Structure formats: C-alpha cells, structure tokens
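Enquirer: The primary structure of each chain is shown beneath.
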Amino acid sequence: MSTLGVLVWLYSAALALRRKLCYVNACAAQQDRTRMFPKGTKRKCSDGGSGDEATEEAGVADVVKAAAASYSLQRQCLLDMSLIKLQLCHMLVEPNLCRSVLIANTVRQIQEEMTRDGSWQIMTEAFNASQGLSERLVASEILCRPSAAREVDEEGPKPFPAVGYGGCHLEEVVVAEDATLMGMPMMLAAAREEEEEDEEEEEEEEEEEEEEEEEEEEEEEEEEEEEEEVVQVQRPAEGSKTMDQVYGKFEIKSPAPSPDPALEELFSDVDTSYYDLDTMLTGVQGTPKVGPYDLLENLSSHGPTSVGPSSTCRTDLNELDHIMEIIVGS
Amino acid sequence: MAGVGGGNDFQWCFSQVKGAIDEDVAEADIISTVEFNYSGDLLATGDKGGRVVIFQREQESKNRPHSRGEYNVYSTFQSHEPEFDYLKSLEIEEKINKIRWLPQQNAAHFLLSTNDKTIKLWKISERDKRAEGYNLKDEEGRLRGDPFRITSLRVPVLMPMDLMVEASPRRIFANAHTYHINSISVNSDHETYLSADDLRINLWHLEITDRSFNIVDIKPANMEELTEVITAAECHPHQCNVFVYSSSKGTIRLCDMRAAALCDRHTKFFEEPEDPSSRSFFSEIISSISDVKFSHSGRYMMTRDYLSVKVWDLNMENRPVETYQVHEYLRSKLCSLYENDCIFDKFECCWNGSDSAIMTGSYNNFFRMFDRSTRRDITLEASRESSKPRALLKPRKVCTGGKRKKDEISVDSLDFNKKILHTAWHPKENVIAVAATNNLSSLPDVSATLYLLAKPPLKNPPLKKMLGRR
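Chains as they are written, first to last, in the numbering used here: chain U, 1 to 330; chain F, 1001 to 1470.
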C-alpha cells in the first residue's frame, strides 16, 4: 500500500464522511422543517397583530429558504447514493434487474426535477469547471465509439452517464449494425489515472473483506467522482448521452475495433462480441470473476501509453486465445 | 375445517420450530420459499443452498382426533446446483426461488422448483417394500457366481422395509429465460404452468421440456427505454385461460390467453391512482409489487407492495377494495431503508383457506395478520426466545411516537436484518408456516428457522418439547 494510495484513500474517506454528515444534517434539517412549518403558521395565526406580521413573514421566508436548501441537499445526497448503488453490484452474479430499474427511475426522477428548477445546469457546470485533464479526454475519445444511429436527445441537460446497470453485466447478446459500448468508456477512462491504481487495489481488498456499506460507499464515491468528472469533460465534445444509456449495459452491440480479416473469416460464425468486451476489459484471457475493481485494476496496469493500435492488436490475440480456450477447454 | 374461530381469532401458539440450533449454521440454510401442498399434509421449503426439504404431517391418531399432527422431515434433496454461465462469465445461483406443488394424481407427489434460470419437476415417491429372494442376484444385488448351479427356482417375495422416500427429477425445463425467474404457477388444467422472469412470461406443458410459449414480453426494443419489470405472476385458480402479472410500477395486468397468442395487451389493468400528497422520490419504489396471489375463490386477488397489502376485486380495476397497512411507521424511514437496500425487500403474502384472513411478513421477525371481516389485525413475532411450545403468542406493537409504552418496541430498535419474507398458510386448517432469520446469540452467522404455528388446542394436553431439527 503506497503512501499515495493511503493518502487518496484517506481523502476519499474524509470526503465521504463529510458527505454523509451533510446528508444527515440535511435529513435533520428536513425534519426540523416539518416541525418548523407548523410552528411558523401557528405564530402567524395566533399573533395576528399587524406589526408582527412583517417579522413573521420574514421568519417564515427564512424557514422556507433553509428548507429549500436542505431539500436540495438531501436530493443531491439521494442522487449520489443512487448512482453509487447502480455502480456497486455483485460482480459474480447478475444484478437484480428490478432493483436496477427502480434506482435508475429514481435517478431519472431527480434529474428531471433538478432540470425543472435549473439546478442541474449549475451542477454540471461546476464539474466542468473543476476539470482540465486532457489525457482523460484523449483516452475517452479513443475508447468511446460514438454511434451514428444514436439520437442525441437535446431536450435538456444531460444526466450523469456515470452509471451502469451493474457495471459490466450484459444480459443479452445482440448483434446490431451500429455499435457503442456504452458506459464502459468512463470506467475505462477513469482507470487511466495512474494514481487510481493503488486505490483500486485497496478497494478490492476492502470489498473482499466485506466492509460495511459506508466504507464501500466512500470508495465508490471517490471512484464515482472521478468518473463523473471524466464524463463531464468528454460530454461537450461529442454531445451528451442520455440517462437511458445505462440500460445499454444489458446488451452488447456489435463487435469491436478493427479485427484481423483472417481471424474474422475463421470465426465468422462465432459471436465474439462478448469475448471482445471480456478480453478488452480484463486485458487477459477471460477470467470467470470480473468485478469492477478487477476491471479497473487490469486496465490501469496498461497505463496511458498503451492507448493506440498496439492495444487493439493485443486484444485481438487475447480474443483469439479466449475463444480457443472456451472451445477447447469446455 | 376452515375459517377463523369466534373468540380466539388471533390466538396463535408455536407448534413447532424447525431449524439448526447448533454450530452447523450457514447462509445456505436461509429459507427462500415455503409452500404447502393442496392437502396441507406436505410442506416444502427451499433454501439458498439449492436444497428442498419436505415435511409431512403425522397422521392424527383416531384416539385423539383433536391433536394436531406434527410436521416431520419427509424428504431432503438437492434440487439445484450452482452453475456457471460461460457466455456471460457469471454465476447462476442455486437458490430456490419458488416451489409449487402439483395436484396429487397418484401415490407419488410432484412439485416444481426453480432457481433463477431452470425449472425442475421432481417426483417424490415412497418405497416401503422390496423384493427378496431373487434367483440370479444375492441380497446385495450382485450376480450370483454360477447360474448353472441353480437347481430350483423361486418367486421373489415382497418384504416390507423401512420407508424410503426418493426424489427424482422427472423434467428439466431449461434455457427459456434470459432474466431471473421470479414466479412459477401451475395452471388449473394441471397440464400447463407459467414461468415469469423480469421481462417475459412463458407457458410450458409439463410433459414438454424443449419448447415453451412466450405469452408476455415487455422487453422494449431499445433496452434504454426500460422502466418497468415484471415482479410476479400467477394463474387463475379456476379459469385456465386467465393469469395476472404485477409490475415494479405498482400495476397489475390480467390477461386472457384466448385473446391472442402473445398477451402483451392486457384484458384488465389494475392500478390505484397515486395520492399526490404523499408523493416522494420513493413513491415508485414502494409501490412496486412484490407478490400477487389470487384468493381461493378466484374472485379476488391480493398484492403486496412495500408498506401495504391490497385486496382487489377482479371486477374493479380502478382501486383495491381493501388496503391494509403493514408497517406504516416505516414511511418516515424510507431514506435509510433505501440506503441499506431494505426498501427492495420482496415480501410475500398469503390467504387462509377460506379467504377470510390474510398474512404477510415484516421486519424484526414480525408478521402481520388481517381479518377481512372484522378488520382486526395483529402483529406477532417469530423468535426462539418467545417460542415456548404451546404458549400463546403475545401481540406485539411498534410505537412511533415519543412515549413508548411498556412492551412496545420503538421503530429505531427494529432489527432490519430479521425479516420475514416467506410465509404459507395451510389450505384448509389454521396452521401457518413462517420462515424467519435468526442471529443466534452465540454465533454471528445467520441461520434460518421455520416456525409452525397453530391455534391453541381447546383442551390442555400435557406439554412436551417439540423442538426438532431440519
């Protein structure tokens, strides 16, 4: 465990703790609000004197402002929590689709409300302002394969694409014309950060030790923050993806980058789209257990320099190995 | 004999407690489904480890017609094994999601058990005789050395032996579901059954394993547009063409298979309009229906969402006829319950034999019963500490306000790890089975306990220890 890793972990823990406290405060404030409102109205009704009305109204207005602030804070915390939940899942077993759908609907609901009262723009702008890491942009560009067929929904500001139905779980293989590996780019891009490497190893250890959910959330939040930042940088460039893309995780759409034509011919009847994703994410022959931390760890070991044609060649070879292993091995 | 008796409507006592009571506890013991068969003589439980345990009720002796028969282990078998999906690099859990009995047609018993992906039809048969006196085989079944030495023949004789109960898989219905199977339901024609996963419902014939008909498919062409999943499905108890399925948005659709081959368009649509004053970010999640059950009469159906149980008249689609609050005190705690994922717990519900009462589970090993005619309700607790045999269960109460009365428990001290998700009510008598999770004080692991409760006997027979082992 390197010093840097420890520092990063401590920072993320502190950050998460602060968030938790602010969430708790928000909840408490919320409850205060419900108690304060009745008191406020009661004062208004019972006093009735004209001189007191101005101060009462001011008092109530303050209460309303405080309530609004705590409400939006609570809403923000709920949004963060939901995004974390969508990321965190058991990577050994397929995630519960019902739960994922309900959480995604909640996120969508929050996003719609935030859009209506204008706070969504503020949030995205804040994230954009705090970023400026060009290497992330490069990495994302290469990994991201924008789909020509995708309709970019321009109705409003885009929600956080930094979510996925269980990270890398894919329910069905659908070979389609146009391809996008949705959601993957941000995780992959986030992994490009070298400093993340140690942290992820720790996270993996932490998770395996079955720590309490709070600690998991700390780790997730840090990771998720990185992902959100990454995404926000990339979004203005190519147009934002919609919230609904999280569902794309469930389908793999077609194969991938520039395969070797000879290989293609040989395996033309084999549906390799799964293997593509598998090998690309794990970087080696397919392993049975693919967790988000596994993925990121493997990816981070590639380093930013491996982005480029050499990586695709390697993935092709790995893909071939993987296919052969499956055909021969089982 | 059915029905809830007059004065002692809600008097229940523990009849038996089944569960591991010593060191051999494991998470694999957690009971994931409980189901009585049509006569109530057999009770099947499935657990997280893929095992099925069947209990059989002892025959009541003619000398004591009022004594309640005990349930003892009849058969145990491994129904499902953990599997690995090589294509997706994912494990398939062996946890038994549902067990459904088939009506008995001969001496053997049949049941369907399912995990996330595969349904199996099991035959449970008894053998209490074996043939002895074979000419060519000896007692152990080995061939006798020299068949030419035999000078006389004899007819093998059937001799009684210790009862042996065998379970054998007769059909395996596999590879029909992409998503996790959440329900199976045997049709009233006793030939077909349906299986439902998150997005599709398939109709099977019990004899045919290599084909199933897809009757409902709510998968959108673009998975990105997915906002609703199927949470439960059931066949109508009398009309073999009718079935219902519930969704995560709190709606129930009744479909008639005569209308079309693919029943994507419902015949009836049940939804209660939302109360705008209680709208919150969690409204949709708590409206998600976790279980749907037809009444035995076939006229009503009951749905369980997170905070309430609703009884619907099949002839009225716009609102339920009865609503019962299970644990309304949790409404102010939804945020915490969302954080610890408890808000996604799927509680089941069940009717009694006469449809006059309904039961469902809650947290802290509490379960709730509602009498539909008197509108009375009761909260009882399934725990080892208070499970003295034949002792009446004390009604429990959760207090929400500041002042806690004696014997009440406050909302904040409820144990959300102890939840009763699975309950079953005997089809004819007042016997209920409740699967609870218990943390034994000496062990950190969670064990599973099956509680069998019955009405207190009219007379007072001598007390005897009834704790048994699974």
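Calculated directly from the structure, the hints in this document are not laboratory data. Be aware that one or more of the hints could be misleading.
Claimed, not checked - What follows is a set of in silico ranges between Cβ atoms, one per label pair, in the way DEER data are often shown:
hint : chain 1 : residue 1 : chain 2 : residue 2 : range
1    : U       : 113       : F       : 1011      : 46 to 54 Å
2    : U       : 125       : F       : 1407      : 51 to 59 Å
3    : F       : 1178      : U       : 128       : 35 to 43 Å
4    : F       : 1415      : U       : 68        : 34 to 42 Å
5    : U       : 117       : F       : 1189      : 33 to 41 Å
6    : U       : 125       : F       : 1208      : 27 to 35 Å
7    : U       : 117       : F       : 1416      : 27 to 35 Å
8    : U       : 65        : F       : 1400      : 26 to 34 Å
9    : U       : 321       : F       : 1318      : 53 to 61 Å
10   : F       : 1271      : U       : 72        : 28 to 36 Å
11   : F       : 1108      : U       : 321       : 23 to 31 Å
12   : U       : 117       : F       : 1412      : 29 to 37 Å
13   : F       : 1407      : U       : 68        : 40 to 48 Å
14   : F       : 1238      : U       : 68        : 52 to 60 Å
What the hints assert, rightly or not - With the Cβ distance kept under 10 Å, some of the chain F side facing chain U (calculated, not the full set):
hint : residue
15   : 1091
16   : 1199
17   : 1241
Only a predicted model underlies this, so the values are computations on that prediction, with no experimental measurement involved. Glycine included, C-beta positions come from ideal geometry on N, C-alpha and C.
Enquirer: Could you run down the list of hints and mark each one as holding or not?
Expert: Here is what the structure says about each hint:
1. Separated by about 49 Å at the C-beta atoms, residue 113 of chain U and residue 1011 of chain F satisfy the suggested range of 46 to 54 Å.
2. In this structure, residue 125 of chain U and residue 1407 of chain F meet the distance hint of 51 to 59 Å, their C-beta atoms being roughly 56 Å apart.
3. For the pair residue 1178 of chain F and residue 128 of chain U, the beta carbons lie near 39 Å from each other, so the given range of 35 to 43 Å is met.
4. Between residue 1415 of chain F and residue 68 of chain U the CB atoms are about 36 Å apart, so this pair conforms to the stated range of 34 to 42 Å.
5. As the Cβ distance of residue 117 of chain U to residue 1189 of chain F is approximately 55 Å, the hint placing it in 33 to 41 Å is violated.
6. At about 60 Å, the beta-carbon gap between residue 125 of chain U and residue 1208 of chain F misses the expected band of 27 to 35 Å.
7. Distance hint check: the CB atoms of residue 117 of chain U and residue 1416 of chain F are about 33 Å apart, consistent with the given range 27 to 35 Å.
8. At about 30 Å, the CB distance of residue 65 of chain U to residue 1400 of chain F agrees with the hint of 26 to 34 Å.
9. Take residue 321 of chain U and residue 1318 of chain F: their Cβ atoms lie about 60 Å apart, and the range 53 to 61 Å holds.
10. For residue 1271 of chain F and residue 72 of chain U, the hinted distance range of 28 to 36 Å is satisfied, since their beta carbons lie about 31 Å from each other.
11. Distance hint for residue 1108 of chain F and residue 321 of chain U: a CB-CB separation of about 50 Å, inconsistent with the stated range 23 to 31 Å.
12. A beta carbon spacing of about 33 Å between residue 117 of chain U and residue 1412 of chain F agrees with the range 29 to 37 Å that was offered as a hint.
13. The hinted window of 40 to 48 Å between residue 1407 of chain F and residue 68 of chain U holds, with their beta carbons roughly 42 Å apart.
14. In this structure the supplied range 52 to 60 Å holds for residue 1238 of chain F paired with residue 68 of chain U, their Cβ-Cβ distance being about 55 Å.
15. The closest approach between the C-beta of residue 1091 of chain F and any C-beta of chain U is roughly 5 Å, which is under the 10 Å cut-off, so the hint is satisfied.
16. Here the hint on residue 1199 of chain F is kept, as its CB sits about 8 Å from the closest CB of chain U, short of 10 Å.
17. With 10 Å as the threshold, the beta carbon of residue 1241 of chain F stays out of range of chain U, its nearest partner Cβ sitting at about 27 Å, so the hint is violated.
The structure is inconsistent with the numbered hints 5, 6, 11, 17, although it conforms to all the rest.
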